[in-house]
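Engineer: Quick mapping for you: the protein sequence lines, in order, are chains A and B. Sequential numbering from 0 applies to the first sequence in numbering that gives the first Met the number 0. Sequential numbering from 0 applies to the second sequence in numbering that gives the first Met the number 0.
To be clear, the hints were calculated from the coordinates, so they are not data collected in a lab. Treat the hints with care, as some may be off.
Stated by the list, open to error - Chain A residues, not near chain B, derived (Cβ > 10 Å throughout): (1) S23; (2) E113; (3) L128.
Said to hold, decoys possible - Pair by pair, the computed Cβ-Cβ distance ranges are: (4) E130/A x S97/B: 54 to 64 Å; (5) K775/B x R54/A: 16 to 26 Å; (6) T58/A x S97/B: 44 to 54 Å.
All C-beta atoms, glycine included, are put in the ideal place defined by N, C-alpha and C.
Listed below are the residues making up each chain.
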Amino acid sequence: MTYTYRVLEDIAIADVAFEVEGDSVEDLFRGATEALIEAMANPATVEGTWERIIRRMDTDASTLLFDWLSDLVYWKDAAGVVYREVQLRLSRRLDEWELQARLSGAPVDPSTQELRADVKGVTKHLYGLTEAGGRWRVRVVLDV
Amino acid sequence: MRGESQAQAVEMKLNTDMNVERITDQIWEIPATEKPGMLVSARIYATSTILQSMDSGVFDQVTNVACLPGIRRYALCMPDGHWGYGFPIGGVAAFDVSSGVISPGGVGYDVNCLAGDAHVLHELGYWRPIRSFDGAWRGERVVCVNPAHAVRNAEIGAFLLKTATTPVFRVITESGRQIVASADHPFLTKHGMTPLNALQLGDEVSVYPFEGVDYEPPSTRVLLTERDLAGIYPGTRNGLAQAVKALRQRELLPLQLDHPALPFLTKLMGFVQGDGCLQLDDGGRAQIGMYGDPDDLESIREDVRRIGFMASRVYRREREHEIHTRYGRKRFRHIESSVHIRSSALALLLVALGTTKGSKASQDFEVPVWLHETPLWMRRLYLASFFGAELSSPATVTGHGYNFSAPTLSLNKRAQAVGSGRRFLRQIQEWLRDFGVESAPLNETEDSRNKDGSTSIRLRLQISSEPDNLVKLWSRIGYGYNRRKQYLANVAAQYLRLKNTVISERAASVKTTVVMKQTPGTTLRSITHAIGSPYVNTRFVARSLWGGRLTDVRIGTEFSRFAEFVTEKTNGLGVTGQVWDRIIHKEPVAHVGPVYDVHVLDDHHNFIADGFVVSNCGMRLIRTELTLKDVQPRLERLMTELFRKVPAGVGASGFVRLNRAALDAVMTKGARWCIEQGYGWHGDLGRIEEGGCITGADPEKVSDHAVSRGINQLGTLGSGNHYLEVQVVSDDRIFDRETAAALGIIGHDQIVVMVHCGSRGFGHQVATDYLKVFEKAMRRYGIAVKDQQLACAPFRSPEGQDYFAAMNCAANTAFANRQVITHQIREAFASVFGRSAEELGMELVYDVAHNIAKVERYQDGEVVVHRKGSTRAFGPGSPDLPEVFQQTGQPVICGGSMETGSYLLVGTERAMQETFGSTMHGSGRTMSRAQAKRSVRGEQLQHQMKLRGIVVKAVSMSGLAEEAGFAYKNISEVVDTVDRAGITKKVAELRPIGNIKG
């Protein structure tokens, strides 16, 4: 199972946009998560002293991903943290997608962490989850 | 012609296929016929050069806006326009208030532009050093006392930390309490709040004897999951699913040990185990009933509400009871008050946590197992609530008046369950020992015969009546959900402490007496005088000398009985649990380090610190203005100080910490709140758009989510294109000397400070929340939009009005944010230059918004003007401008890149006629962030700028690289466009010499 992501430079010059591709919806979630947390800080410079478990469900994977990424932005502000890693599992039960995730990070500390963009939110601009030829794709624009 | 301008058909190539017609050299129009659904034409203010550099998003988005219902005249875009979310950045559109819409996409997310060991008693019964609240008191509530009425819990409104500028004293009272406070710190006395430096020995101050226990953070272990509930739910699968859903919606599943609701659940559990009953039948129907005093039941209702559920109102009914005891049949009547909760979800949760379902007398139960691994303060909550229901009230021994009876806990169990009853009470005893409280071995008696012939056994746990033991019980554990008992416990604890002090003093005096008497010629009177205690008279000294007393010292007969003590020492304090305590010692102490205070949101502004009822300290303000010659030698130091004082970047949090209620005040009052708190001067308000406070803000329309994101960000810069910049105004860069002078700009290399920031995550979340609301609302109102980000609702609709009220909250918060930053800037300047801000003349020139929707009146009537990356630019004579700007027109502040500089302009009458009183806001980007980072490294850019005389401090070097000057349009060209178009007039150019970036 794999995913890749790349920064899209042409569609959001004032902000940050990326596109993720994955072999599965779960890979897509992992890739988008990694792209987002990397946009905020270098994870290798962040300790794992703070943890949070998140659980979300939705019948629509696209909405679930949007809300999940928004959760990461929310906790960055509400808890004052940046992320070291996120372990997540996405499963499907009947007609619902279920996401279970463990966030690991630390309170923001400019003296030890490589901080990047203060992401203000995930936008719906050009947002959409698509599948073609067995590959899943999503484009995300972050407001910084 | 398609993709080309009319005037320069051969040379111009535009990033659009739509027809763009030249109106003037600065105004271009896309006719309404160019896109299906356009209700009006779109107009772009730009030179031909700028127009060609505009990305395709500008043309696409401005024409999408032209399709929105109720739009008036034109959809506009300013010369700094570029692609945005829904609206282009630089976009302006006005909608009829009756038939038009309001759209978060037209407002944006970033609202506004321009910039120690005192122990506090927490509501959950633990003490924390006041400094520990720094950064950790969002949502925290502390015990607050209203002198004559009640003890209640109030949220902390602000946290303050400062260097002590007045002497610091240690105060000791008769009962042995100590506190270290600054001389100006008020204490509650019989004459009201009185500063410490006005208090004398012998004065009485109010103390709150309850101490609780130290705080310890709970673990994050998951306590309950859905699987745990499935094993115990008695109803159907569907019923279980509904209960689980209800708990998930309230974020109570999975439930971790550090969940903020768990302390309240624990309190409720303890009480239900005593004076409550929980039913959960096989059909999944639930009823939780709790019985007690009406005021206490209201507290329970409030706690139930806080965890997301609802309890009934307090019911009252007269009941007649009859029980058979070993003493005979007893009948009695009383008014029974109760509340009831019918939530299966809550009942299931409480059962899963260990609450007994059904009859407690006939079932086995123990203390909840998981509580064993929790901190002491959490176990205290369970015990206190259980004691509030079941433990006897403090009372003196009948006929004695000085000593107290042993508090007793009784538990009735049917014979078959008496074993578990004994285990339960032994577990309670074990927990009591953790608090240092001892009790006697359990006692059992046969109590009554039940209707079915079975016997009930009464188990009794008696707590030792030894005074020190009682003080620990009542001051560390106390009673929960029982104000009367807690009040008595407080006073009793104080009484016993004082008694102990008296006894200790008298005991010590005996030794002193014996020693002094060895000196020949020493009289009883001189010994008594030397001891100097109000509790040691000559008779006592005499008895100590000749009565053979060396042990068994007691209080004298002059010491009050408890009943008298209650009357005397709570006079004027109602049943709050406060007690008057006399100051017996006050000495100045050398204090190193800061002093702290918390502001609580209660009419009486007091809270409990080290047992004393204290109030808030006042605040002070500082401000400054200089020339380049003054600043250059200290520029590095100035920028370092500004970087230190104004937090920026990811996760930056300010020194002013707020909770929901205080943030509500910020949301409704904006910059006025800051002035009230002392973060600014009254004169500042007249120089802020709308006086720094937009009416119509309603915090009820703002989600908790948005509040959580923004609550500790007051006084901070974000990152991205937000900044704080120190600039210089040279004589040769002033274009309108008269107007400049009227605005306080005199040139001669004058130093000014510019701040660009908004309401940060808070404003963004407000917009995101309402985008979701509007997505659903649009279907109902039959509105279709060409871009999801243009989601909107009719302005007059409930959804539209709710958003408007929430947006105004965000706008006011952004005004407040820049006001606090202004305060910090003034302090930094004063610190570096050694003169006050007033002496340095640091007045506000102006503060203006550039992402906002406002209701304004033009020739079209009343409209909702959306300014998305564009600035209000009211002309001279506008009735909405204060007197100071009537001649000049409203100042407009436009920020360029950190390398090129910014501009000060003023609005014009032409803007009122053509662009709904609007103009540009900045220069706009031409290069992506990624490309900028590839072109230069942050450290390299910082060094290059330093060589050019611009000192830059940045939290993120990659963020700094993204903001390189070459990534932005030439601001001068953009400004010249609006100047030539006549919608704004240039006043002065401002050159950067120092910059702070997030």
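Engineer: It remains to establish, for every hint, whether it holds in the given structure.
Structural biologist: Going down the list of hints, with the structure as the test:
no.	hint	verdict
1	S23	holds, 25 Å
2	E113	violated, 8 Å
3	L128	holds, 14 Å
4	E130/A x S97/B: 54 to 64 Å	violated, 45 Å
5	K775/B x R54/A: 16 to 26 Å	holds, 24 Å
6	T58/A x S97/B: 44 to 54 Å	violated, 38 Å
Violation of the numbered hints given earlier is confined to hints 2, 4 and 6; the remaining hints are satisfied by the structure.
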